[in-house]
Amino acid sequence: MCFGVIQGAYGELCDRSPFDVTVSNVTVLPWHYMDNYPNQAWVQQELGVPLNFTADWGLIAKVFLGETGDSPSSLTV
Numbered sequence: 005m006c007f008g009v010i011q012g013a014y015g016e017l018c019d020r021s022p023f024d025v026t027v028s029n030v031t032v033l034p035w036h037y038m039d040n041y042p043n044q045a046w047v048q049q050e051l052g053v054p055l056n057f058t059a060d061w062g063l064i065a066k067v068f069l070g071e072t073g074d075s076p077s078s079l080t081v
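According to my numbering, the sequence shown is numbered sequentially starting from 5.
Bear in mind the hints are in silico, worked out from the structure with no lab data behind them.
Virtual Cβ for every residue (Gly too), placed ideally from N, Cα, C.
Keep in mind that a hint or two might mislead.
Cβ pair distances, simulated, as ranges [stated by the list, open to error]:
1. G52 x C18: 37 to 45 angstroms
2. Y37 x G15: 13 to 21 angstroms
3. N43 x E16: 30 to 38 angstroms
4. V67 x S28: 20 to 28 angstroms
5. G12 x H36: 19 to 27 angstroms
6. V67 x N40: 22 to 30 angstroms
7. Q48 x A13: 36 to 44 angstroms
8. W46 x L17: 36 to 44 angstroms
9. P42 x S21: 20 to 28 angstroms
10. G62 x Y14: 17 to 25 angstroms
Take the sequences, apply the hints, and build the full model.
Rendered as structure tokens:
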């Protein structure tokens with residue numbers, strides 16, 4: 005809970021990434037770019053993957069932050 009509250013407040017008050025303050029959230033690639041790029045046929049062919057890519061940030065956060073020990077075990081996503 006504390007992580008979400010602190011990161012949320014930081015995001016509301018600042019245009020910087022909470023994980024890398026040298027990166028402006030304004031200049032980061034648009035979110036749709038991260039979904040569209042991997043779903044191009046030539047990218048999938050080069051990677052050897054037959055499936056479409058779908059981002060699931062909630063699952064990523066839960067696994068990385070909740071199960072790796074990189075945050076309090078009470079973190080819920």
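The hints, checked one at a time:
no. : hint                          : result
1   : G52 x C18: 37 to 45 angstroms : 40 angstroms, holds
2   : Y37 x G15: 13 to 21 angstroms : 20 angstroms, holds
3   : N43 x E16: 30 to 38 angstroms : 31 angstroms, holds
4   : V67 x S28: 20 to 28 angstroms : 27 angstroms, holds
5   : G12 x H36: 19 to 27 angstroms : 23 angstroms, holds
6   : V67 x N40: 22 to 30 angstroms : 24 angstroms, holds
7   : Q48 x A13: 36 to 44 angstroms : 39 angstroms, holds
8   : W46 x L17: 36 to 44 angstroms : 41 angstroms, holds
9   : P42 x S21: 20 to 28 angstroms : 21 angstroms, holds
10  : G62 x Y14: 17 to 25 angstroms : 19 angstroms, holds
Consistency note: the structure conflicts with none of the earlier hints.
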